[in-house]
Amino acid sequence: GDSVTQTEGLVTVTEGLPVKLNCTYQTTYLTIAFFWYVQYLNEAPQVLLKSSTDNKRTEHQGFHATLHKSSSSFHLQKSSAQLSDSALYYCALGTGNTGKLIFGLGTTLQVQP
Amino acid sequence: NAGVIQTPRHKVTGKGQEATLWCEPISGHSAVFWYRQTIVQGLEFLTYFRNQAPIDDSGMPKERFSAQMPNQSHSTLKIQSTQPQDSAVYLCASSWDNTGQLYFGEGSKLTVL
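Quick note, the sequences are listed as chains A and B, same order.
Residue numbering for the first sequence follows my numbering, starting at 1 and increasing by one per position.
Residue numbering for the second sequence follows my numbering, starting at 114 and increasing by one per position.
No lab work stands behind these hints: they were computed from the structure.
All values derive from a computational prediction rather than experimental measurement.
Keep in mind that the hints are not guaranteed to be accurate.
Stated by the list, open to error - Restraint ranges, calculated between C-beta atoms of paired labels, are given here:
| id | chain 1 | residue 1 | chain 2 | residue 2 | range |
| --- | --- | --- | --- | --- | --- |
| 1 | A | LEU30 | B | ASP169 | 16 to 24 angstroms |
| 2 | B | GLU131 | A | THR14 | 30 to 38 angstroms |
| 3 | A | GLY9 | B | PRO197 | 18 to 26 angstroms |
| 4 | B | LYS191 | A | PRO18 | 40 to 48 angstroms |
| 5 | A | LEU41 | B | SER171 | 24 to 32 angstroms |
| 6 | B | ASN211 | A | LEU41 | 29 to 37 angstroms |
Every residue, glycine too, gets a C-beta built ideally from N, C-alpha and C.
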């Protein structure tokens, strides 16, 4: 079946340093879309990035990700982490134009001063 | 614009009691999704409706969970004979297309004692 894997449950980084959150997937669908959702404490999850184009870099709010179908990955990166980036990040796979998303388990990002 | 509204925000029930959670999607959105959020399982898909019709309930525990969407502005998730393992945050989301960009409510936190 379809699945999304986020290998790190917790990532801790010092403010100003780069950060990378990993996301890989398995699916049999040819038409796919990928999302990163971010959930700040006591708030609803919200879309951070989305992409459906292979090998095209997508950027928003200083974060970027590139969908690589050859390696089934959609890693999230930022060159300089900010304290305000501390949150729970979910990678999500959309398949078959249904609108339904399959989420990974999530990665908590803690940015320390 | 109001976002997705979920009520109640917190509900405590005793084992064996019934719990009903309500969701008001964003006006004009055609699809409503229900997810369950736990630390162990992350965001689990439960069910979704499009234009009020049930489309996919593959994530619903069959025996005690049910969902309805009696009109375009209202969906409910009912859990009968609640068990401690049902304790979670139940998130409702809506969308206006099938791209997978979901707009989440802040969730209903269910605690079963």
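Taking the hints in turn, this is what the structure says about them:
no., hint, in the structure
1, A:LEU30 - B:ASP169: 16 to 24 angstroms, "holds (19 angstroms)"
2, B:GLU131 - A:THR14: 30 to 38 angstroms, "violated (48 angstroms)"
3, A:GLY9 - B:PRO197: 18 to 26 angstroms, "holds (23 angstroms)"
4, B:LYS191 - A:PRO18: 40 to 48 angstroms, "holds (46 angstroms)"
5, A:LEU41 - B:SER171: 24 to 32 angstroms, "holds (31 angstroms)"
6, B:ASN211 - A:LEU41: 29 to 37 angstroms, "holds (30 angstroms)"
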